[in-house]
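Chains as they are written, first to last, in the working numbering: chain A, 158 to 388; chain B, 158 to 388.
FYI, nobody ran anything at the bench for these hints, they're computed from the structure.
Keep in mind that a hint or two might mislead.
Stated by the list, open to error - The calculated label-pair distances, taken between Cβ atoms and stated as ranges, are:
1. B/Pro272 - A/Met158: 34 to 40 Å
2. A/Gly269 - B/Met158: 41 to 47 Å
3. B/Asp203 - A/Pro168: 31 to 37 Å
A virtual CB, placed ideally from N, CA and C, is assigned to each residue, including glycine.
2 protein chains.
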Amino acid sequence: MTIAIVGGTGPEGSGLALRWAGAGETIVIGSRDQKRAADKAAEIADRLAGRGSGPAAQISGERNPEACRSAEIVVITIPFQSHAEMLKQLKPVLHPGQILVDATVPLAASVGGRPTRTLGVWQGSAAEQAAELVGGGVAVVAAFHNLAADLLHQDGPVDCDVIVSSDQPEASKRVRNLARKIPGVRAIDGGKLENARIVEQITALLIGLNIRHKGHSGIRITGLPPAAYDI
Amino acid sequence: MTIAIVGGTGPEGSGLALRWAGAGETIVIGSRDQKRAADKAAEIADRLAGRGSGPAAQISGERNPEACRSAEIVVITIPFQSHAEMLKQLKPVLHPGQILVDATVPLAASVGGRPTRTLGVWQGSAAEQAAELVGGGVAVVAAFHNLAADLLHQDGPVDCDVIVSSDQPEASKRVRNLARKIPGVRAIDGGKLENARIVEQITALLIGLNIRHKGHSGIRITGLPPAAYDI
Numbered sequence: 158m159t160i161a162i163v164g165g166t167g168p169e170g171s172g173l174a175l176r177w178a179g180a181g182e183t184i185v186i187g188s189r190d191q192k193r194a195a196d197k198a199a200e201i202a203d204r205l206a207g208r209g210s211g212p213a214a215q216i217s218g219e220r221n222p223e224a225c226r227s228a229e230i231v232v233i234t235i236p237f238q239s240h241a242e243m244l245k246q247l248k249p250v251l252h253p254g255q256i257l258v259d260a261t262v263p264l265a266a267s268v269g270g271r272p273t274r275t276l277g278v279w280q281g282s283a284a285e286q287a288a289e290l291v292g293g294g295v296a297v298v299a300a301f302h303n304l305a306a307d308l309l310h311q312d313g314p315v316d317c318d319v320i321v322s323s324d325q326p327e328a329s330k331r332v333r334n335l336a337r338k339i340p341g342v343r344a345i346d347g348g349k350l351e352n353a354r355i356v357e358q359i360t361a362l363l364i365g366l367n368i369r370h371k372g373h374s375g376i377r378i379t380g381l382p383p384a385a386y387d388i
Numbered sequence: 158m159t160i161a162i163v164g165g166t167g168p169e170g171s172g173l174a175l176r177w178a179g180a181g182e183t184i185v186i187g188s189r190d191q192k193r194a195a196d197k198a199a200e201i202a203d204r205l206a207g208r209g210s211g212p213a214a215q216i217s218g219e220r221n222p223e224a225c226r227s228a229e230i231v232v233i234t235i236p237f238q239s240h241a242e243m244l245k246q247l248k249p250v251l252h253p254g255q256i257l258v259d260a261t262v263p264l265a266a267s268v269g270g271r272p273t274r275t276l277g278v279w280q281g282s283a284a285e286q287a288a289e290l291v292g293g294g295v296a297v298v299a300a301f302h303n304l305a306a307d308l309l310h311q312d313g314p315v316d317c318d319v320i321v322s323s324d325q326p327e328a329s330k331r332v333r334n335l336a337r338k339i340p341g342v343r344a345i346d347g348g349k350l351e352n353a354r355i356v357e358q359i360t361a362l363l364i365g366l367n368i369r370h371k372g373h374s375g376i377r378i379t380g381l382p383p384a385a386y387d388i
């Protein structure tokens, strides 16, 4: 299975790439610029090689459309101001059977506002905007919004749950399996894609807490039976 | 210090009353009906007496306006459909220096929709609606939305953080102190009242998780320095 990460040179995308490549997944970093993508892929491979455990990382870099073409799972980690434009660009290369994972948060910072506030998105959430833009056939899954990039780039487990929302249960399950490859993550079925409206907002709240309290906050969901944290 | 709980005969309000009366606070249960309020107060006092530890609970019942009149802290735990009407009724008895704690969540269930969805509130959140309705002088603090009533009614600590949002830092601090009297709760300064927009939404997400996974979910915020969980 190949995972393409659109915006994979950014802090969130490269953090996910680091974790998944470290877990043995095949990763293609996507960027607007092929060289930047390849450089970031080499940097991540070097970092993983430095740990000296396991086989060489399967990670390369391509321009975004090329990265997406043959990937089973495409993960979008880009600022909201590029979200709609990027999805329109990618639509011609996306195809039925692929899973599009959207981690985008419509922060007001996208339009010069505060990172602790969000924009109203007509469709309800960035993920629902993505679903409208890519059309049927591509399974859209919202996940990974609340995982701080700083934590992904550290060694060791992260202390955060990932709430996964999608209208396609099979795709949601595959993404939950992928989420669990990040040490420390418990992936929770968050139900329908519309619930991304709330999960996206939580990121703005966590950013506010990070600014106020100087931390790298995440969330854990308590009180669910053990099966809720499994497949 | 006296704490009035408007809607204190409901599951959330009576759960908070139980916890705070058990911690030695003086509680007045508020209800539309004086007898129902007094009966609920007696029921909580009996339950606490049954534990056989500490002095008798300081808890009584009054009609909502009488409950609020002499309380230093007024806590609103009512369904959103009654929120604006109740605050208009209470405005004449509320006075400067009081703290109004709003735990209301604008669930779509208030108007026949789903409990996993929320309504858009013109002011941004139920708490901001409350602030507009009661006017200046009364310090509005949003808190306790994410504490499941079922957990409050159980014995033992709850596994949930309380995010406290207010434009009045002193009032926020007093409410965080009150929140910490519930065993298991860590109270976190969530910043301005506008952040209640997100905290209120989280309840709808948790209700969805409870339905889907059959649990009594709550949230914990991870990754903040220890001081963030203290005053």
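For each hint, the structure was consulted:
{"no.": "1", "hint": "B/Pro272 - A/Met158: 34 to 40 Å", "result": "holds (37 Å)"}
{"no.": "2", "hint": "A/Gly269 - B/Met158: 41 to 47 Å", "result": "holds (44 Å)"}
{"no.": "3", "hint": "B/Asp203 - A/Pro168: 31 to 37 Å", "result": "violated (56 Å)"}
Violated hint for the displayed structure: number 3, the only one.
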